[in-house]
Amino acid sequence: MEKFEKLTAIAAPMPLINIDTDMIIPKQFLKTIKRSGLGVSAFHEMRYNLDGSENPDFVLNHEAYKGVNILVAGDNFGCGSSREHAPWALLDFGIRCVISTSFADIFYNNCFKNGILPVVVTEDELQLLMKDAEKGSNARMVVDLENQQIETSDGEVISFDVDQHRKHCLINGLDDIGLSMEKIASIDAFEAQMAQRAPWV
Amino acid sequence: MAPKTLYDKIWDAHVAHEADDGTCLLYIDRHLVHEVTSPQAFEGLRMNGRTVRAPEKTIAVPDHNVPTTLDRLKGIENEESRIQVEALDTNAREFGLVYYPVDDVRQGIVHIIGPEQGWTLPGMTIVCGDSHTATHGAFGALAHGIGTSEVEHVLATQTLIQKKSKNMKVEITGKLSPGVTAKDITLAVIGETGTAGGTGYVIEYCGEAIRSLSMEGRMTVCNMAIEGGARAGLIAPDQTTFDYCKGRPNAPTGETWEAALAYWKTLHSDDDAHFDKVLTLKGEDIAPVVTWGTSPEDVLPITARVPAAQDFSGGKIEAAQRSLDYMGLTAGTALCDIEIDTVFIGSCTNGRIEDLRAAAEILKGRKIKEGMRAMVVPGSGLVRAQAEKEGLADIFIEAGFEWRLAGCSMCLAMNPDQLQPGERCAATSNRNFEGRQGRGGRTHLMSPAMAAAAALTGKLVDVREMI
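Each protein sequence line maps, in turn, to chains A and B.
Start counting the first sequence at 2; every next residue gets the next number (my numbering).
Start counting the second sequence at 1431; every next residue gets the next number (my numbering).
Certain hints may be false.
As the list claims (entries may be wrong) - Calculated lysine-lysine pairs in the DSS-like style (CA-CA distance at most 27 Å, straight line):
{"no.": "1", "chain 1": "B", "residue 1": "K1797", "chain 2": "B", "residue 2": "K1819"}
{"no.": "2", "chain 1": "B", "residue 1": "K1596", "chain 2": "A", "residue 2": "K168"}
{"no.": "3", "chain 1": "A", "residue 1": "K7", "chain 2": "A", "residue 2": "K132"}
{"no.": "4", "chain 1": "A", "residue 1": "K35", "chain 2": "A", "residue 2": "K136"}
{"no.": "5", "chain 1": "B", "residue 1": "K1593", "chain 2": "A", "residue 2": "K7"}
{"no.": "6", "chain 1": "B", "residue 1": "K1593", "chain 2": "A", "residue 2": "K4"}
{"no.": "7", "chain 1": "B", "residue 1": "K1439", "chain 2": "B", "residue 2": "K1593"}
{"no.": "8", "chain 1": "B", "residue 1": "K1712", "chain 2": "B", "residue 2": "K1605"}
{"no.": "9", "chain 1": "A", "residue 1": "K168", "chain 2": "B", "residue 2": "K1695"}
{"no.": "10", "chain 1": "B", "residue 1": "K1439", "chain 2": "A", "residue 2": "K184"}
{"no.": "11", "chain 1": "A", "residue 1": "K35", "chain 2": "B", "residue 2": "K1504"}
{"no.": "12", "chain 1": "B", "residue 1": "K1794", "chain 2": "B", "residue 2": "K1819"}
{"no.": "13", "chain 1": "B", "residue 1": "K1596", "chain 2": "B", "residue 2": "K1707"}
{"no.": "14", "chain 1": "A", "residue 1": "K184", "chain 2": "B", "residue 2": "K1593"}
{"no.": "15", "chain 1": "B", "residue 1": "K1594", "chain 2": "A", "residue 2": "K35"}
{"no.": "16", "chain 1": "B", "residue 1": "K1487", "chain 2": "B", "residue 2": "K1695"}
{"no.": "17", "chain 1": "B", "residue 1": "K1819", "chain 2": "A", "residue 2": "K184"}
{"no.": "18", "chain 1": "B", "residue 1": "K1676", "chain 2": "B", "residue 2": "K1439"}
{"no.": "19", "chain 1": "B", "residue 1": "K1596", "chain 2": "A", "residue 2": "K184"}
{"no.": "20", "chain 1": "A", "residue 1": "K7", "chain 2": "A", "residue 2": "K184"}
{"no.": "21", "chain 1": "A", "residue 1": "K168", "chain 2": "B", "residue 2": "K1819"}
{"no.": "22", "chain 1": "A", "residue 1": "K67", "chain 2": "A", "residue 2": "K136"}
{"no.": "23", "chain 1": "B", "residue 1": "K1889", "chain 2": "B", "residue 2": "K1797"}
{"no.": "24", "chain 1": "B", "residue 1": "K1434", "chain 2": "B", "residue 2": "K1594"}
{"no.": "25", "chain 1": "A", "residue 1": "K184", "chain 2": "B", "residue 2": "K1487"}
{"no.": "26", "chain 1": "A", "residue 1": "K7", "chain 2": "A", "residue 2": "K67"}
Rather than coming from a laboratory, the hints here were simulated on the basis of the structure.
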């Protein structure tokens, strides 16, 4: 997993609430057996017309947002299915950070497994960041995970909370499974005890 | 000892390791696997020279991609779908998983066959790379969806890295009125909480109306806990649960059954256990409901009218307008004046035998509206066989429904069962998102009885007028 330390990048505004995982990556793209290559299909139905041409009204199709790495999105981003194809598609598209007032639980977890930082901010902070994101390629937002801060292009600073274990893994690009394998003795012991206590499991 | 909720009890019984910051390795009793969210996880195992730690607790079945037409054993036409199903087949056999291939009569939607085969039991922890894993909470099992990286983690370690969620209680008091079902309860709750209202919580459903539900109904309620944002839904096990489990192929027997039963009877929230959030609805106040928009929170009683965007506040104004545009609806239209052209009965929400009975009850001796496309997709091969035995299949076929083989089908339209742009469907599934049932397709969620009634009239209709 790629490390996430500090990101200085263009942010795109997506103020719609409840952007669900079917919007982020529709079902026809879940048939892949790989993790890569989904970026071209991210936000497919909003991004492309029925004839396959780009929808000029969709924010990520605007020239000002080419090369975007940050999304500033409405409440409850990533609701719906557990498909990790959603963060895979975002990552492949180039998104490393999503900022919203809340995220759906499974999507939020999935981001951390893929080197994407989801940041929860207050409604007022989101409005401020949304305005900054509207500047497109004229502006850069700085997301500093070490110091848990976002800096707007005007130099306004917003602090955010993040689980320390997840932060540690993201900053160091650590693989969860490797870390858990180090605790295999605890798992062995628990399993043996469970076999006694609940043999029907 | 401090009083505990049901969630607290199951959680405490499964912590295999706890770090200083409260991050836990939670032991997983059952891992359900389907073809869409697992290939990358198995690939990860191979790349790292890892294996499946507990293949006997890992149950695999193809369901999302499989065709539901009677000729499906000829093979899957869509190449990508075929490769994905073949990959599951290879992985299940190579890693020695419990496996129900597509030609096995026990094949079906993963959340239907888990309980059916007795893999799902009270007090267990159950995960699957699928958000509707919440279904299994109906048994008093802690069950939730996970991403593919977590699937790989569970395959390798039989544990999941977790922090504890908060406790929420949803109580449905009293009795349901005739024509009102488990689906109406679960949609009505989401209508109250919104799709983010349960975020960060595990919901325990309780109250007389919940207690009165069959296991099938309880599964419908818990299935949609995720649509309210909750990590999981739970219902404390009782005699209804035990009766359902007893004699299932993988349920314990003899002395082990007795020991299990004694433990399961302790699985309820203590009287004065603390809940961080409580919602109470009166069963009598719940009407048959339908969704009008593109979020499961867009719920209204069938007797209501399509709302206007201005009826909402904040970000919901824009979202509601977008929904109305997408759904092709005008504010003020009576919901029961909305014409439909497609009916889908099935899914992990409403593809069980009781759902088929409820729909057949409405359809018996009647014909669906001319030109209507209507299909019933049983949740499993065994549900299908049972429905045929009870004569339900004949009722559906005589009414004009297509009688399909088991799978996820038009709930998410990964197989050929899809809506065309602009088609409008009365569906018993769980999501009305834009494009969910096919690009441009319009979905109204409702109960099986309501969907059956709509098939007859060609419009959304109050099923209470037909019983």
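Outcome of the hint check:
Restraint check: the Cα-Cα separation between K1797(B) and K1819(B) comes to about 21 Å, which is no more than 27 Å; the hinted pair holds. Straight-line distance between C-alpha atoms of K1596(B) and K168(A) comes to about 22 Å, which keeps the hinted pair within the 27 Å bound. A distance of roughly 21 Å separates the Cα atoms of K7(A) and K132(A); the hinted pair therefore holds under the 27 Å criterion. A threshold of 27 Å between alpha carbons decides the hint, and for K35(A) with K136(A) the separation of about 35 Å lies outside it, so the pair is violated.
Among the hinted pairs, K1593(B) with K7(A) is consistent with the structure: their alpha-carbon atoms are about 26 Å apart, no more than 27 Å. In summary, the hint linking K1593(B) to K4(A) is supported, as the alpha carbons are separated by about 22 Å, within the 27 Å threshold. The hinted pair formed by K1439(B) and K1593(B) meets the criterion: a straight-line CA distance of about 15 Å does not exceed 27 Å. Distance hint between K1712(B) and K1605(B) is fulfilled; the C-alpha atoms sit about 8 Å from each other, no more than 27 Å.
Restraint check: the Cα-Cα separation between K168(A) and K1695(B) comes to about 40 Å, which exceeds 27 Å; the hinted pair is violated. The suggested pairing of K1439(B) with K184(A) holds, with an alpha-carbon distance near 23 Å, which does not exceed 27 Å. Among the hinted pairs, K35(A) with K1504(B) is consistent with the structure: their alpha-carbon atoms are about 26 Å apart, no more than 27 Å. Only pairs whose Cα atoms come within 27 Å are accepted, and K1794(B) paired with K1819(B) is accepted, the gap being roughly 16 Å.
A distance of roughly 8 Å separates the Cα atoms of K1596(B) and K1707(B); the hinted pair therefore holds under the 27 Å criterion. Annotation: proposed proximity of K184(A) to K1593(B) holds, straight-line Cα distance about 17 Å (limit 27 Å). Restraint check: the Cα-Cα separation between K1594(B) and K35(A) comes to about 31 Å, which exceeds 27 Å; the hinted pair is violated. A hinted pair counts as satisfied when its Cα atoms are at most 27 Å apart, and K1487(B) with K1695(B) qualifies at roughly 23 Å.
Our distance criterion of 27 Å between C-alpha atoms is broken by K1819(B) and K184(A), whose separation comes to about 51 Å. With a CA separation close to 23 Å, the supplied pair K1676(B) and K1439(B) stays within the 27 Å bound. The suggested pairing of K1596(B) with K184(A) holds, with an alpha-carbon distance near 26 Å, which does not exceed 27 Å. With a C-alpha separation of about 30 Å, the suggested pairing of K7(A) with K184(A) is violated against the 27 Å cut-off.
For the given pair, K168(A) sits about 56 Å from K1819(B) by alpha-carbon distance, which is inconsistent with the 27 Å threshold. Pair hint K67(A) plus K136(A) holds up; C-alpha atoms about 13 Å apart against a cutoff of 27 Å. Between K1889(B) and K1797(B) the CA atoms are separated by roughly 14 Å; this keeps the pair inside 27 Å, and the hint holds. For a cut-off of 27 Å, the pair hint linking K1434(B) to K1594(B) stands: about 14 Å separates their Cα positions.
The straight-line distance between the Cα atoms of K184(A) and K1487(B) is roughly 20 Å, inside the 27 Å bound, and the hint therefore holds. A C-alpha spacing of about 20 Å is found between K7(A) and K67(A), which places the hinted pair at or below 27 Å, so the restraint holds.
Of the hints listed earlier, those the structure fails to meet are numbers 4, 9, 15, 17, 20, 21, in rising order.
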